[in-house]
Amino acid sequence: MTRIPLRPLARILPARAAGQSPEDIERENRTVRHEEMRDHARQRAEGRLLVLGVFFFFAFAVVGVRMGLLATSEPVEPRASARGAAISAARADIVDRKGRLLATNLETRALYAQPPLMVDPIAAARGLVAIFPELDEKKLVKDFSGKRKFLWVKKKISPEQMQAVHDIGDPGLLFAPREMRLYPNGSLAAHVLGGASFGKEGVHAAEVIGVAGVEKYFDDYLRDPANGQKPLELSLDLTVQAAAERVLYGGMKIMNAKGATSVLMDVRTGEVISVVSLPDFDPNTRPPAPVTGDQSDSPLFNRSVQGVYELGSALKIFAAVQAVDLGIVTPSTMIDTSGPMRVGGANIGEFQGKNYGKLSVSDIIVKSSNRGTGRLALQIGAERQQEFLKSLGFFEPTPFEIIEARSGKPLWPKRWTELSTVTISYGHGMSTSPMRLAAAYASIANGGYRVEPTILKQDSASLGERVIGEAAAKSAREMLRAVVTRGTASMGEVPGYAVGGKTGTADKPKPGGGYYEDKIIATFAAMFPAYDPKYVLVVTLDEPVETSGDKPRRTAGWTSVPVAAEMIGRIAPLLGLRPTVEPVPLADITLTRSN
Amino acid sequence: MRSVLYVLTTLSVIGLAFWAYRENYATQESLSKTDKLYSDIRTAYARLAILKAEWAYLNRPDRLRDLADINFDSLGLLPLRSDQFGRVDEVAYPAAPLLDIANSIEVSGTLGDDEEQFP
Numbered sequence: 001m002t003r004i005p006l007r008p009l010a011r012i013l014p015a016r017a018a019g020q021s022p023e024d025i026e027r028e029n030r031t032v033r034h035e036e037m038r039d040h041a042r043q044r045a046e047g048r049l050l051v052l053g054v055f056f057f058f059a060f061a062v063v064g065v066r067m068g069l070l071a072t073s074e075p076v077e078p079r080a081s082a083r084g085a086a087i088s089a090a091r092a093d094i095v096d097r098k099g100r101l102l103a104t105n106l107e108t109r110a111l112y113a114q115p116p117l118m119v120d121p122i123a124a125a126r127g128l129v130a131i132f133p134e135l136d137e138k139k140l141v142k143d144f145s146g147k148r149k150f151l152w153v154k155k156k157i158s159p160e161q162m163q164a165v166h167d168i169g170d171p172g173l174l175f176a177p178r179e180m181r182l183y184p185n186g187s188l189a190a191h192v193l194g195g196a197s198f199g200k201e202g203v204h205a206a207e208v209i210g211v212a213g214v215e216k217y218f219d220d221y222l223r224d225p226a227n228g229q230k231p232l233e234l235s236l237d238l239t240v241q242a243a244a245e246r247v248l249y250g251g252m253k254i255m256n257a258k259g260a261t262s263v264l265m266d267v268r269t270g271e272v273i274s275v276v277s278l279p280d281f282d283p284n285t286r287p288p289a290p291v292t293g294d295q296s297d298s299p300l301f302n303r304s305v306q307g308v309y310e311l312g313s314a315l316k317i318f319a320a321v322q323a324v325d326l327g328i329v330t331p332s333t334m335i336d337t338s339g340p341m342r343v344g345g346a347n348i349g350e351f352q353g354k355n356y357g358k359l360s361v362s363d364i365i366v367k368s369s370n371r372g373t374g375r376l377a378l379q380i381g382a383e384r385q386q387e388f389l390k391s392l393g394f395f396e397p398t399p400f401e402i403i404e405a406r407s408g409k410p411l412w413p414k415r416w417t418e419l420s421t422v423t424i425s426y427g428h429g430m431s432t433s434p435m436r437l438a439a440a441y442a443s444i445a446n447g448g449y450r451v452e453p454t455i456l457k458q459d460s461a462s463l464g465e466r467v468i469g470e471a472a473a474k475s476a477r478e479m480l481r482a483v484v485t486r487g488t489a490s491m492g493e494v495p496g497y498a499v500g501g502k503t504g505t506a507d508k509p510k511p512g513g514g515y516y517e518d519k520i521i522a523t524f525a526a527m528f529p530a531y532d533p534k535y536v537l538v539v540t541l542d543e544p545v546e547t548s549g550d551k552p553r554r555t556a557g558w559t560s561v562p563v564a565a566e567m568i569g570r571i572a573p574l575l576g577l578r579p580t581v582e583p584v585p586l587a588d589i590t591l592t593r594s595n
Numbered sequence: 001m002r003s004v005l006y007v008l009t010t011l012s013v014i015g016l017a018f019w020a021y022r023e024n025y026a027t028q029e030s031l032s033k034t035d036k037l038y039s040d041i042r043t044a045y046a047r048l049a050i051l052k053a054e055w056a057y058l059n060r061p062d063r064l065r066d067l068a069d070i071n072f073d074s075l076g077l078l079p080l081r082s083d084q085f086g087r088v089d090e091v092a093y094p095a096a097p098l099l100d101i102a103n104s105i106e107v108s109g110t111l112g113d114d115e116e117q118f119p
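Chains as they are written, first to last, in the numbering used here: chain A, 1 to 595; chain B, 1 to 119.
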């Protein structure tokens, strides 16, 4: 920039000569210079503003474009970040206590159609009906040639069927990958596993959701991708479960029962080793829930936890053990069980109108005397009886980890009269589930601690609070053993396993009130070996009739006890329990000495 | 001096750019390699899952029971019962080996008329 002097001589000298003031020239030049400087500064400032503006514009534009891209593109996992857990995002498997598969996933395909892409909709529909006879050809033709742009044809197809659909060769028939839940053992442990179905369905994937049993109870765990490689370990034992189901099914058929359930529980951990409810179903093709009729007749009904029954005399032992625990009686105290006995206006009778006379407490259990147990309960009193039953958990739904357990709410009288005290002492007037009964027997078996049944594998014993004294529990076990050796459950003797248990035969209540004459629930609650119980087994048959004799026999001693005995004979060796008597001598083996 | 500095700086920028370029491509190659490995692992897991499912299906108790029934003649399999537990002392000791019959010494005979027996 050329700098013009403020007082250039070339102008000053003529101005002086003309008598003008050189100051004016200087002022003028100064003004010009200031204007130039101002213009220059303004230009620079404007330029800077422009640059800044452009910079901000691009910065915001970049952010905006990036946001737009993120919003419109498919989400992708970051490629370079650490991973490994995401290799398998499938629903976790379910295994038994020894790691054998109970439920897993299988890759399969779903078949869908996009009619606008179809070449020959009518031929495609005909081809599909040839492969899947259950489809309706007319409906397919209507769907394919109508306005629909998309429809699902089949939810699960096998590889062979997929190949056959490929062979139709229509570009409008497409396949979507699916993970389906597979229960390789079929109906085994069906009520525990429940079943699964598809939730939200997309073309690329569909979520698998549990609909019942542990599949629903542990749905969150099973669906968590972090648990993809960590199967859910159940306490069930596959072989024991299979043997128990087979024996119980045979028993149910022989005893002409319409339903049956059994629960086998570890007495120290509360682990349920096997739980069977018959009739059952195949969780691979779970039938729909019945909309009419009695829910309890459906194969979906889980009798072991949902079925609340009056379990009859099987509850007598709790009156006896409490009376012994409170010090009111000892097992050998004599109680008069002769009639008549009237409580609250009702007559308390014995089975088939018998009269046992004077019996010891132990014999009351062995002979299953109603009046004897009633008298014990009256000595205990309603309040203490309620407290004791509550501490054993009889007033709560079974806390078992399958979704159905919540619906098995026990029933007990709201007004606990003296009559209730007596009838409940021998198992009438209060309904509970076989699973709950098994847990209560486990308390006697493990020396008096409360245990909660669980379907999950446990690492160590999980004994709860003490509810029965050690000595009382021991004497109760001796009474239960005596029931088998010389009482109502004499068919329950299994050589080598010292079974102890109590029978229970309860008339079924009519829906409108009162009881059926010839419909009963027969229960046998057992523990083995009785001197040091490891397991508790409860077998309940619904409406059994044993018809080998002159007249039909329905009592538990004739129906559920032989079934339970057969079951113990089958499963105790599988559980690794060695019989404690001499094994049967084997032929062709001679003991020799080598000297 | 300054121009040397400029040249060196320019060269180092070119060098770094080249290095970054190569690193970028190397990274992308490793990423696609890991992607492929991961997809291989996924395929292997899927196959493993199918094999496990098939194993479980073929070993389901119903099928094994039926097979045991069908092949009862050759296998004679029965459900495990309590009398099948044995004790260690029921197992026989191995039979003592027979002594070799060699260099046998005759220990019996008949006495002659002129021989007499000594204790």
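Honestly, I wouldn't trust all of these hints.
As the list claims (entries may be wrong) - Where chain B lies over chain A, by a calculated footprint (3+ residues, C-beta under 8 angstroms):
1) 179-188
2) 234-245
3) 471-485
4) 548-562
5) 565-575
Rather than coming from a laboratory, the hints here were simulated on the basis of the structure. Backbone N, C-alpha and C fix where the C-beta goes; we use that ideal spot for every residue, glycine too.
Hint check results:
Interface restraint, the region 179-188 of chain A with chain B: holds (5 residues with C-beta to C-beta distance below 8 angstroms; minimum three). For the region 234-245 of chain A, the proposed coverage by chain B is satisfied: 4 residues have a C-beta within less than 8 angstroms of a C-beta in that chain, meeting the threshold of three. Evaluation of the coverage hint for the region 471-485 of chain A: breached, as 0 residues show C-beta separations to chain B shorter than 8 angstroms, against a requirement of three. Only residues whose C-beta sits within less than 8 angstroms of a C-beta in chain B count toward coverage, and the region 548-562 of chain A has 0 of them, not enough to reach three; the restraint is violated.
Against chain B, the region 565-575 of chain A contributes 5 residues with a C-beta closer than 8 angstroms to a partner C-beta. That satisfies the three-residue criterion, and the hint holds.
Violated hints, listed in ascending order, are 3 and 4; each of the other numbered hints is respected by the structure.
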